[in-house]
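Counting along the sequence shown from 1, when you hit position 169 you're at 169 in this note's numbering, and nothing is skipped either side.
None of these hints come from the bench; they were simulated from the model.
All C-beta atoms in this analysis are idealised placements derived from N, C-alpha and C, irrespective of residue type, glycine included.
One or more of the hints may lead you astray.
Claimed, not checked - Derived pair list, reagent style SDA-like, types lysine to any residue, alpha-carbon separation capped at 20 Å:
(1) 52 to 83
(2) 52 to 171
(3) 57 to 246
(4) 52 to 65
(5) 52 to 85
(6) 52 to 88
(7) 57 to 82
(8) 52 to 63
(9) 52 to 223
(10) 57 to 87
(11) 57 to 84
(12) 52 to 62
(13) 57 to 263
(14) 52 to 230
(15) 57 to 126
(16) 52 to 228
(17) 52 to 255
(18) 57 to 226
(19) 52 to 261
(20) 52 to 229
(21) 57 to 95
(22) 52 to 217
(23) 52 to 258
(24) 57 to 255
(25) 57 to 264
(26) 57 to 138
(27) 57 to 90
(28) 52 to 97
(29) 52 to 226
(30) 57 to 125
(31) 52 to 225
Unchecked claim - Derived CB-CB ranges, DEER-like:
(32) 132 to 166: 37 to 47 Å
(33) 256 to 199: 22 to 32 Å
(34) 260 to 36: 22 to 32 Å
(35) 151 to 92: 40 to 50 Å
(36) 105 to 181: 46 to 56 Å
(37) 169 to 36: 16 to 26 Å
(38) 91 to 143: 25 to 35 Å
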Amino acid sequence: MALHLPQHTLTMYRPLALSALLCALTVPSELTAQRWMTRQQDAQWAGVNIDKPITPKLALWFDGSWRRVELGAEPQQLLVRPGLQYTLAPGVRVSAGYAYIATAPYGSLPTATPLRERRTWQQLLLTHRAGAATVNHRYRLEQRWIRPVLAPAAGADGTLGPTTYQNRLRYLGRGQMNLGTLTYRTRPVLGIVWDELLMPLGGPAQTLTIAQNRATLGVGFPITPTQRVEVGYMNLYNALAARRANEINHTLWLSWHYTGVAPRQR
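Just need the whole structure built from these sequences, with the hints factored in.
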């Protein structure tokens with residue numbers, strides 16, 4: 001593996017690194033103006049992402065994630081999210097699907113009970129070039145049905161409690177580019193930076209607020225022409241308004257990506 005990082009590579013990455021730093025330091029002003037307690041903890045996320053074309057325009061899409069905290073000692077969350085993705089034009093894709101999420105009480109600010117969530121989602125993905133970098137803008141709208149798992153002490157013997165319905169808007173901006181001449185198995189290694197905002201819609205005040213911010217820096221290692229492994233650090237800020245608390249998760253992020261080749265148009 002070559003380990004050459006020429007000066008022009010560092011120069012090209014300065015704007016992306018600055019953007020990531022600004023996102024990581026961004027906290028909603030309404031939260032910083034108040035005295036909220038803050039808890040910091042480590043987390044480890046392992047994920048899989050699959051983009052498998054079945055026609056020149058239509059693809060099966062799936063991502064799943066197994067999430068833990070405290071050096072992997074405690075469960076945090078299991079997420080599976082299948083869907084279909086359709087290409088409207090080069091660089092423009094729309095998709096929709098379903099998700100199931102099981103969340104355990106975790107960390108120093110645990111929920112009162114485990115939670116089970118079912119979700120539908122719709123997404124717009126825009127991709128373009130910016131110099132040597134590939135840039136993605138992902139807009140996602142979610143409809144969420146969340147239910148607590150009731151404890152046997154409540155007389156329910158682990159059954160699900162009442163459902164709470166929520167809407168949420170998410171925006172993710174991601175940039176990636178070759179790390180100069182750095183290669184793995186003769187293929188270019190990628191430098192990756194992205195940030196995602198998670199914003200609940202509606203609620204008692206019917207306002208758009210920022211509930212989470214996920215700022216990430218990582219590296220992508222190509223395994224084959226259609227597969228790569230990504231590893232990085234994610235700073236996950238989570239605002240727990242009901243408890244007037246800020247949760248900051250220092251997260252080791254590891255994921256496997258498969259991007260298939262679309263069949264030729266006949």
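Hint by hint, here is what the structure shows:
1. 52 to 83: Holds, at about 11 Å.
2. 52 to 171: Violated. Residue 52 to residue 171 sits at ~23 Å, over the 20 Å cutoff.
3. 57 to 246: Violated, because 42 Å separates the two Cα atoms, which is more than 20 Å.
4. 52 to 65: 18 Å, holds
5. 52 to 85: This hinted pair holds, its Cα atoms lying about 9 Å apart.
6. 52 to 88: Given that 20 Å is the threshold and the Cα spacing comes to 16 Å, the pair holds.
7. 57 to 82: Given that 20 Å is the threshold and the Cα spacing comes to 17 Å, the pair holds.
8. 52 to 63: 12 Å, holds
9. 52 to 223: 17 Å, holds
10. 57 to 87: Holds - the C-alpha atoms of residue 87 and residue 57 are around 5 Å apart, at most 20 Å.
11. 57 to 84: 11 Å, holds
12. 52 to 62: 9 Å, holds
13. 57 to 263: 9 Å, holds
14. 52 to 230: 18 Å, holds
15. 57 to 126: Since the Cα atoms of residue 57 and residue 126 sit roughly 15 Å apart, the hinted pair holds (cutoff 20 Å).
16. 52 to 228: Holds, at roughly 14 Å.
17. 52 to 255: Given pair residue 52, residue 255 holds - Cα atoms ~17 Å apart, limit 20 Å.
18. 57 to 226: Distance ~18 Å between residue 57 and residue 226 Cα, so the pair holds.
19. 52 to 261: 7 Å, holds
20. 52 to 229: 17 Å, holds
21. 57 to 95: Satisfied, since the Cα-Cα distance of roughly 11 Å is no more than 20 Å.
22. 52 to 217: 26 Å, violated
23. 52 to 258: Roughly 8 Å between the alpha carbons, so the hint for residue 52 and residue 258 holds.
24. 57 to 255: Violated, at roughly 25 Å.
25. 57 to 264: Since the Cα atoms of residue 57 and residue 264 sit roughly 10 Å apart, the hinted pair holds (cutoff 20 Å).
26. 57 to 138: Holds. Residue 57 to residue 138 sits at ~18 Å (cutoff 20 Å).
27. 57 to 90: Holds - the C-alpha atoms of residue 90 and residue 57 are around 10 Å apart, at most 20 Å.
28. 52 to 97: Judged against 20 Å, a Cα distance of about 15 Å means the pair holds.
29. 52 to 226: 10 Å, holds
30. 57 to 125: Holds: residue 57 and residue 125 sit about 14 Å apart, inside 20 Å.
31. 52 to 225: 14 Å, holds
32. 132 to 166: 37 to 47 Å: Holds, since residue 132 and residue 166 (Cβ atoms, about 40 Å apart) stay within the stated range.
33. 256 to 199: 22 to 32 Å: Cβ of residue 256 to Cβ of residue 199: about 28 Å, so the range 22 to 32 Å holds.
34. 260 to 36: 22 to 32 Å: 45 Å, violated
35. 151 to 92: 40 to 50 Å: This hint holds: roughly 47 Å between Cβ atoms.
36. 105 to 181: 46 to 56 Å: At 47 Å between Cβs, range holds.
37. 169 to 36: 16 to 26 Å: Between residue 169 and residue 36, where Cβ atoms are some 23 Å apart, the hint holds.
38. 91 to 143: 25 to 35 Å: This hint holds: roughly 27 Å between Cβ atoms.
The structure shown violates the earlier hints numbered 2, 3, 22, 24 and 34.
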